[in-house]
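Enquirer: In case you want the letters, here they are:
Number of protein chains: 4
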Amino acid sequence: MGAVFGKNIQFTIFGESHGVAVGGVLSSVPHGVKLDFPYIDMFLKRRNHKALYTTKRQETDSYEILSGVKDGVTTGAPLAFIIRNKDAKGKDYSELERLVRPGHSDYPAFVKYNGFNDVSGGGHFSGRLTAPLTFAGSIARQILRDKGIEIYSYVMSVGNTACPSEANYAKELQSADFPVADDGYKEKFMQEIENASQQGDSVGGVIRCVIKNIPAGVGEPFFHSVESEMASMMFSIPAVKGVEFGKGFEITRIKGSEANDCYTVQDGEISTVTNNNGGVTGGITNGADVVFQVAVKPTPSIFKPQNTVDVNTKTNEILQLKGRHDSCIVPRATVAVESGAALVILDLLGGK
Amino acid sequence: MGAVFGKNIQFTIFGESHGVAVGGVLSSVPHGVKLDFPYIDMFLKRRNHKALYTTKRQETDSYEILSGVKDGVTTGAPLAFIIRNKDAKGKDYSELERLVRPGHSDYPAFVKYNGFNDVSGGGHFSGRLTAPLTFAGSIARQILRDKGIEIYSYVMSVGNTACPSEANYAKELQSADFPVADDGYKEKFMQEIENASQQGDSVGGVIRCVIKNIPAGVGEPFFHSVESEMASMMFSIPAVKGVEFGKGFEITRIKGSEANDCYTVQDGEISTVTNNNGGVTGGITNGADVVFQVAVKPTPSIFKPQNTVDVNTKTNEILQLKGRHDSCIVPRATVAVESGAALVILDLLGGK
Amino acid sequence: MGAVFGKNIQFTIFGESHGVAVGGVLSSVPHGVKLDFPYIDMFLKRRNHKALYTTKRQETDSYEILSGVKDGVTTGAPLAFIIRNKDAKGKDYSELERLVRPGHSDYPAFVKYNGFNDVSGGGHFSGRLTAPLTFAGSIARQILRDKGIEIYSYVMSVGNTACPSEANYAKELQSADFPVADDGYKEKFMQEIENASQQGDSVGGVIRCVIKNIPAGVGEPFFHSVESEMASMMFSIPAVKGVEFGKGFEITRIKGSEANDCYTVQDGEISTVTNNNGGVTGGITNGADVVFQVAVKPTPSIFKPQNTVDVNTKTNEILQLKGRHDSCIVPRATVAVESGAALVILDLLGGK
Amino acid sequence: MGAVFGKNIQFTIFGESHGVAVGGVLSSVPHGVKLDFPYIDMFLKRRNHKALYTTKRQETDSYEILSGVKDGVTTGAPLAFIIRNKDAKGKDYSELERLVRPGHSDYPAFVKYNGFNDVSGGGHFSGRLTAPLTFAGSIARQILRDKGIEIYSYVMSVGNTACPSEANYAKELQSADFPVADDGYKEKFMQEIENASQQGDSVGGVIRCVIKNIPAGVGEPFFHSVESEMASMMFSIPAVKGVEFGKGFEITRIKGSEANDCYTVQDGEISTVTNNNGGVTGGITNGADVVFQVAVKPTPSIFKPQNTVDVNTKTNEILQLKGRHDSCIVPRATVAVESGAALVILDLLGGK
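Protein chains in written order, with our numbering: chain A, 1 to 352; chain B, 1 to 352; chain C, 1 to 352; chain D, 1 to 352.
Hint data in this document are derived by calculation from the structure and do not stem from the laboratory.
Glycine residues also receive a C-beta, built at the ideal position from the N, C-alpha and C atoms.
Mixed in with the good hints there might be a few duds.
Rough simulated footprint, nothing fancy, chain B against chain C, three-plus residues with beta-carbon under 8 Å [stated by the list, open to error]:
| id | segment |
| --- | --- |
| 1 | 18-29 |
| 2 | 63-72 |
| 3 | 77-85 |
| 4 | 111-117 |
With these hints in hand, go ahead and build the complete structure from the sequences.
Expert: Written as structure tokens, this is what we have:
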């Protein structure tokens, strides 16, 4: 199934970190949607924001829409877009063609593509691919917003620091570079990142994503449950190692009587009293918010010397990465998680 | 995509808990495979085993192969099979057509199918559907076994009791009714289940699944990573609320320098020194065992009175379930997890 | 994609001519459809009707619905059904395992499945598979009928005898064993068949299928035009060698000024004056009837000696078929064409 | 499935005639293929060639590869490319937004996209889309060529003039602007086109395509026969109204004894004596050349006044097209047919 996601909206993704451009094609976007570019730009900006260098703010990636839009309105034809790669200036990647970086795709990709894959900056496996994901996802998100469905996410933990509070929906969260439930924790999280950075190391964290106002009855039992589709997308985002819904792994430690979300009627509306199942039971939405957590591993690019191998000579070597790398991608990953979620939900809703 | 899984082997699943039969169709199974029925039966037996009543052992579900097999050998044509439902004797489900069970699919299904869905025993959403999953998965598993790829799983925790040790591959694990890493813990787990049962309550747990001898280079970056495909399948298994690979959520609490799995060469073979990433980096296998954990929530069927609603009258009601229910499906779920994993891996390997 | 058809309704087909049963699964049939069994039986009867033996009328195939239906109404869960094979009594097919029948699938299947395929009665390639196609198609057809969309077809030619007249929609056509536009031609067609039969030979013919009251705007430009989807289905029906829409190949012999279907407005309704394009332009329905012709080749099973090879010894041999074969499947094929068309249209309409 | 073709190679197509660019993405192209650009250019040139103006030869469309290729060699990552539209200079299409052109997609597209579709030059429905089809198809074709599989096609008829002879494979045919079996007929065909052009009218024709050296055993019985897949692709090419294999519709007029392709063994090789079935029986290749014919209707763009309607006011109107249009696209269509065929065969071969 290669690089195509979805049944009702097919999203095809392409590009390499240091190639000509990254981009995508939304094959079945609804017609007549007047694109809200400032809204889309807001999300692309968040994706570009690097945690440690808040002073020097990156510019938004500039995209070019190639088809499917006329006078800013979708035509219904495939919507193709590209985001050109700047500063792909001839860095020397010859070392990385020999020495595979631990924790990265280099070695599996070397085996899969028999060494023909582009390693520069991770090639097609780069976090750079979250740019087209965010662009396409933001279009899906706009369509969902127009139905009253809102998506937000926030960082629950960075390394060993976890914020105990929960965040309710707030417009600010959608535009926040570093969305958290409790602003007091943003500093604590930054400190974790700073510490890791100074050691030439990196940290990961956990993101919670919430989808509000999604109707009950969305999803398929086998094999396309809301959880299946959402997890499938989330595990396409680089560095994601775990996905759980509602209480997730924690739910295994409580009794059924505590875990079951009882129903109640208020003003003729049926709803659940609690939401331990993250808004999904039997694979289908039950009317509560869809809530899930995503585990993002520490950035594999670190500046400590690491043991690795030369894939050509098959000898043991020491790898010492240089340059400048984000020592924590968790804040930036929030918008990728939200964007992926938007594509999943729009697809489950029939693409309309 | 309804009830069809896979790109290279399409597995279509069907049936309801109390309907005529459950079953499935493997559309693209390789030809010339002499089915190992005792091997398949071993897994169906495990699925039928109920934790608390080990004395009175259930018989294996008896299946009927309808097509695709000649003289016990696959022909390459679609392999269809059914497992008839016995004891679907006219229990009275009229109450469940009114009162939706918390934690079950009843309410979302009522909304999705506008009340036309079959609620008896959970209908199409029942754990009963893991029988065709296990049958089809065991065929996939046999094909993998013939390539040297072995799959096993074990229960890591039940409720609040967790077993610290890890299990290595052992033939016994594949046939164990209640696979655990340390036999001393089987009793502790049974005690947790017994306690919950006596309170009319239920418990969940965590299962670890391991796939041995899978080659490096399997999987697709976007959107069909090994993690995406595996999680998609796991979240189709009733009661699964979380899936994580390798250290999973725990990996967010360590540094990149600890999380990265360094490479080494021994006897000309490249391998990782550690396996914190569960055998997958960049969405593609790296040659280490594929290792993942699955969170299984407490069985939603409990015997304590629960608050719920009458979906027809939209009034608040108390639901009191009767009859006999398994107060922990975790041991039985192990074989469903292994079977689903087998289908995913065979599909990723091209169905051959 | 193996034996699965459709995006919105996935229809999985299985079975062999002389296996236990043929059948299928409709994965995403709408819920709440009260099945009209006499309507479905009418079509299964037509499929069973053998042109030359009108006196001794065959019984309808008896089907068993395994899932997805409760009290005769669809639940929305996968609808699985089987039609058991009777009289698969141990005929001796050993010769056919050596000598491949010209015009049949025997040789290509032998190569594809390395000799493991079931050759008895054509195995999975048998016209017998049109039974599940007809059953599933008739359910789709009932759903379309309830929207006012009617499908009918008729035999335009048998061998060298062609009927010049066109048939308009008539209820009788839907139940006719041998639907024709002009009853006078039925006898002429029967004569062609009789002659061929007496020579131990066979004849083919052309079928026209018409879909009435389909709205404009159905279909996709690339790659899922109405013509693409319809042709793809038609070429899955055994013995079909050509598919054309509207004037089809004939349209290449007229000028654009004659071929273009001009538009007109009557009572505020836009319609085409002519229908040379068979109701589809740019791959999308234009509001006129969808009209297409299907070429059905002469039944490959004939009783004249034929040159063939022994696939095992790779020697030239003479094949002399015995038994009783239909010397013209064209009349029976009409209902398969209509049923396949119903599945295609329902799928293009979103499965609802 | 919107604008995505194929199971093993997913080809996503996009673009509008007068938009920024047309292009496509090959999601799963094999790695390590050194692209033969002169070979690809040869086919793009053919597509650009306009029958009547042979003196002033068009330049090849210039494409830009955005991803999936490094140093001219495929990496295995999605191969995205664009072909920018020149001369999309602000022609006035306001009339076409009111008056739908008979024989074109204008009206069905107006209904499907509720008037939001781009009508300029046919928008996404334009023959312009055969440019990305040809580019992607030529890559597939190169991969097939390296396996010894060659594809060629030729014009069998234009309007009422048909060339009786058959063409065998010849390198020249692959580069011919106007491929024919008998050069004497090229002039006759040109005369037909010239005559139509002078009358402000247009003509169509029939193209035969041949695939040489394809192995036996390729294809699936249901629902993905070679004929199903090939016809599905052909009917995505604008103006195609019929597809037939081997003798096609003609086979309905001969007896089974003449139609069946008998087998023979020569030098231990099994082959068919005749090829009336176009190399496909039971939906699977039988080792003979795959041969099919495609009916291309007369270009709908003509300069005679035509009756049509104003879709906004719903009034009858007369449409008088201006500008310069190809009065016969048949010669140019040959390379689109060959390119589409290459994608289908590569996909059926597993994408490798």
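Enquirer: Holds or violated: the segment 77-85 of chain C covered by chain B, criterion of 3 or more residues with Cβ-Cβ distance under 8 Å?
Expert: Per the Cβ count (5), the hint holds.
Enquirer: Are 3 or more residues of the segment 111-117 of chain C near chain B, judged by a Cβ distance of less than 8 Å?
Expert: With 5 residues in contact (Cβ-Cβ under 8 Å with chain B), the coverage given for the segment 111-117 of chain C holds.
Enquirer: Taking a Cβ-to-Cβ distance below 8 Å as contact, does the segment 18-29 of chain C have at least three residues touching chain B?
Expert: Since 8 is at least three, the answer is holds.
Enquirer: Tell me whether the statement that chain B covers the segment 63-72 of chain C is true, taking a Cβ distance below 8 Å and needing three residues at minimum.
Expert: Satisfied; 6 residues make the cut.
Hint compliance for this structure: no hint is broken.
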